[in-house]
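Build the full structure now, drawing on both the sequences and the hints.
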Amino acid sequence: DVEVPLYKPRYQRLLELVENFNELVDICNGRSTVKGMYTAYYTPETADAISEKLLSILSWFSDWEKCVEDDPKLTEHNFLSRQTWNGIQRLILGTVAMIQHYVKKGGATISPRATTSDPCENHFANTRANCGSTNSPTCTMAVSCDKKAGAYAESSRVIKANNAAAPPLFQRHNY
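When we follow the working numbering, the leftmost residue of the sequence shown carries the number 1, and every step to the right adds one.
Be aware that a few hints might be false.
Beta-carbon label-pair distances, calculated as ranges [said to hold, decoys possible]: (1) T140 - F21: 26 to 32 Å; (2) S81 - P137: 29 to 35 Å; (3) P44 - K73: 45 to 51 Å; (4) G94 - V18: 19 to 25 Å; (5) S81 - S144: 36 to 42 Å.
Since the hints were made in silico from the structure, they are not lab data.
Source: prediction; values computed, not measured.
In this text, a Cβ means the ideal position worked out from N, Cα and C, and glycines have one as well.
Laid out in structure tokens, this is it:
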């Protein structure tokens with residue numbers, strides 16, 4: 001750890017911002033610790049602790065927004081841009097919902113790295129490509145194309161570098 005002499009109260013909020021954002025990024029990249037233990041996956045055992053931490057981070061950002069709104073001396077420039085704030089809210093609430101639905105209720109284990117935008121964008125690009133040259137696919141076409149894209153992704157999985165042992169996105173536990 002690097003120690004920086006930033007103990008003055010004026011730096012406290014900046015340090016809190018960095019700590020909260022660092023924790024958010026670690027959770028979303030699968031590098032978080034839960035109850036003092038390193039965890040790379042969202043599992044039924046870690047689901048509550050990870051969800052609580054994410055909601056705590058969201059609460060910290062919400063409190064900051066409220067402080068800015070309530071103080072007449074502060075302007076919108078003392079908080080995140082609207083787009084950034086909406087993105088953080090969607091990221092946190094979407095992750096918590098995914099954990100609750102698939103992990104807590106479904107018993108799955110999720111690799112958070114597999115849910116980042118690149119794999120998702122790749123899947124939807126393949127889905128769109130499978131729909132052909134139409135500008136307005138029907139629901140039936142979209143479902144069929146989604147299945148084809150999923151099958152294509154499984155059949156053409158490239159394993160390289162440090163992803164050689166990467167597990168699939170969801171792993172079903174049979175307890």
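Right, here's what the structure says about each hint:
1. For the pair T140 and F21, the supplied restraint of 26 to 32 Å is violated, since their beta-carbon distance comes to about 43 Å.
2. Between S81 and P137 the beta carbons are some 34 Å apart, a value that agrees with the proposed interval 29 to 35 Å.
3. Distance hint check for P44 and K73: the Cβ-Cβ separation is about 47 Å, which falls inside the suggested range of 45 to 51 Å.
4. The hinted window of 19 to 25 Å between G94 and V18 holds, with their beta carbons roughly 23 Å apart.
5. At roughly 39 Å, the beta-carbon separation of S81 and S144 lies within the given 36 to 42 Å, and the hint holds.
In summary, the structure is inconsistent with hint 1 from the numbered list given earlier, while agreeing with all the others.
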